[in-house]
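Q: From first to last, the protein sequence lines stand for chains W and A.
So for the first sequence, my numbering puts the first residue at 2; every next one is plus one.
So for the second sequence, my numbering puts the first residue at 2; every next one is plus one.
Possibly wrong hints are sitting among the right ones.
Calculated pairs, DSS-like style, for lysine-lysine (alpha carbon to alpha carbon, straight line, at most 30 Å) [stated by the list, open to error]: (1) A:Lys71 / W:Lys63; (2) W:Lys148 / A:Lys148; (3) W:Lys118 / A:Lys151.
Covered stretches of chain A (in silico footprint by chain W; criterion: 3 or more residues with CB under 8 Å from a CB of chain W, positions within the stretch not fixed) [as the list claims (entries may be wrong)]: (4) 36 to 49; (5) 59 to 70; (6) 100 to 113; (7) 116 to 130.
Coverage of chain W stretches by chain A, computed from C-beta distances (three or more under 8 Å per stretch; other residues unrestricted) [what the hints assert, rightly or not]: (8) 5 to 12; (9) 88 to 98; (10) 223 to 233.
Hints were generated in silico from the structure; no laboratory data involved.
Just so it is clear, CB atoms sit at the ideal spot from N, CA and C, and this is done for glycine as well.
The primary structure of each chain is shown beneath.
2 protein chains.
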Amino acid sequence: MCELLGMSANVPTDICFSFSGLMQRGGCTGPHKDGWGIAFFEGKGVREFKDVDASADSEIAKFVKHYPIKSHVVVSHIRQANSGRVALENTHPFTRELWGLPWVYAHNGQLKGIKKKELIHYRPVGSTDSEFALCYLLDQLKETYAKRPKSQVALLRTMHGILNEISEYGVFNVLMSDSNYLYCYCSTKLCWITRRAPFGVAELKDDDVQINFRDETTPNDVVSVVATAPLTTNEEWNILNKGELIVFKKGEVVAKFR
Amino acid sequence: MCELLGMSANVPTDICFSFSGLMQRGGCTGPHKDGWGIAFFEGKGVREFKDVDASADSEIAKFVKHYPIKSHVVVSHIRQANSGRVALENTHPFTRELWGLPWVYAHNGQLKGIKKKELIHYRPVGSTDSEFALCYLLDQLKETYAKRPKSQVALLRTMHGILNEISEYGVFNVLMSDSNYLYCYCSTKLCWITRRAPFGVAELKDDDVQINFRDETTPNDVVSVVATAPLTTNEEWNILNKGELIVFKKGEVVAKFR
Numbered sequence: 002m003c004e005l006l007g008m009s010a011n012v013p014t015d016i017c018f019s020f021s022g023l024m025q026r027g028g029c030t031g032p033h034k035d036g037w038g039i040a041f042f043e044g045k046g047v048r049e050f051k052d053v054d055a056s057a058d059s060e061i062a063k064f065v066k067h068y069p070i071k072s073h074v075v076v077s078h079i080r081q082a083n084s085g086r087v088a089l090e091n092t093h094p095f096t097r098e099l100w101g102l103p104w105v106y107a108h109n110g111q112l113k114g115i116k117k118k119e120l121i122h123y124r125p126v127g128s129t130d131s132e133f134a135l136c137y138l139l140d141q142l143k144e145t146y147a148k149r150p151k152s153q154v155a156l157l158r159t160m161h162g163i164l165n166e167i168s169e170y171g172v173f174n175v176l177m178s179d180s181n182y183l184y185c186y187c188s189t190k191l192c193w194i195t196r197r198a199p200f201g202v203a204e205l206k207d208d209d210v211q212i213n214f215r216d217e218t219t220p221n222d223v224v225s226v227v228a229t230a231p232l233t234t235n236e237e238w239n240i241l242n243k244g245e246l247i248v249f250k251k252g253e254v255v256a257k258f259r
Numbered sequence: 002m003c004e005l006l007g008m009s010a011n012v013p014t015d016i017c018f019s020f021s022g023l024m025q026r027g028g029c030t031g032p033h034k035d036g037w038g039i040a041f042f043e044g045k046g047v048r049e050f051k052d053v054d055a056s057a058d059s060e061i062a063k064f065v066k067h068y069p070i071k072s073h074v075v076v077s078h079i080r081q082a083n084s085g086r087v088a089l090e091n092t093h094p095f096t097r098e099l100w101g102l103p104w105v106y107a108h109n110g111q112l113k114g115i116k117k118k119e120l121i122h123y124r125p126v127g128s129t130d131s132e133f134a135l136c137y138l139l140d141q142l143k144e145t146y147a148k149r150p151k152s153q154v155a156l157l158r159t160m161h162g163i164l165n166e167i168s169e170y171g172v173f174n175v176l177m178s179d180s181n182y183l184y185c186y187c188s189t190k191l192c193w194i195t196r197r198a199p200f201g202v203a204e205l206k207d208d209d210v211q212i213n214f215r216d217e218t219t220p221n222d223v224v225s226v227v228a229t230a231p232l233t234t235n236e237e238w239n240i241l242n243k244g245e246l247i248v249f250k251k252g253e254v255v256a257k258f259r
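Full structure from sequences and hints, please.
A: Dropping the structure here:
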């Protein structure tokens, strides 16, 4: 299994604090030693760091932990290999362009038999079931809509249907973004928290760190964090239901589908 | 105008030395202050670093300069914005998947009117003529071949035709890789050098640095470097002709099309 971490914020925000906790689970407090990756959106641009080393030892992870890249959407993943060998091309997040937007995606779980599905427009580069599932999801969206539909509700309904269909193949917890929205689909475990003024102190579960968000934020900041398991010990996290799709924009929940 | 740097090698090789010279041209010895990017292949996986800061000042560039990532194919670019605003989504290299391979591409030059061409499968995310040209090139390859043709000569002949067609719109110096091959197309300026045993000392043009490749290599290493202008002062660089496509694999020239 793998760990997922996502962020949506109304101002460019650094994710050092949450990332710091997540990274400890890669070979230190967790068994996820087979690589990690993080994608930061800046506008429609994506800055991505990946490594096949255990995240707790990775030089690049250390750099990312200490270099506060500010972003409004982040998708991140640490991996324990169970489908596809340990290699850079099998390391999440995966990215494909659809409708002129970069879709960045990370998956927790296993999907037995998913590779029997037919692909039309997209082909996986690596050998994971995860990347195959992304190709299938985008294939189906592209087949349904030649360009992005004007109705966001229509898009989400279609997307939710395809996500449900894929989740029949196994465990399918997903974080995905098209630069604007953060899409979070829960098959077995995913939780989230929205932080806004008055900000308090948060204590990381995996690392001997606490942070006073009051020192790091302005009163108008709204920041939501999504993860496979709560990252802090002294905050109340919301648990997603099985089959639930929740969508964030600028830090706020903008849609929920059950 | 922008600077391009590419590498093809028969063993994973670090490009710190050449990259160090190139980075100086970003805001220091050159006018290319509008961002830079570098992509390293590891198998079919790609590790990419990009920044919109001048490369001579960039924190990430400093990290890349001192962290010797070893790769068998590298594509890199520093940018002086002349089409598309300074933004991460307009920063080379650009990547798209075709036939299950990640095609990484960087372009030097301007292509007036290219955006009038019709696109079928790929859409640009940013607003540069460069990314549009990549979309058009891959579109045409995908239209011609539903999967990668068995004949590499057939593929190269088709690719050369499309590259020539695009170059009618302006200046089109290109470096591109599908993880295996490094494709280099010259519209106005591009040069290359192959280094192999006996290795000697090279002096960087842009930085007060020299390197003795004997200390850095084994006798069987073959490393080719391609750039828009020679990077060293004491070596003989080969100049590509206008309209020439040269292809490297594992450090060696494997094809030339005029």
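Q: Any hints this thing doesn't respect? Which numbers, in order?
A: 8 and 10
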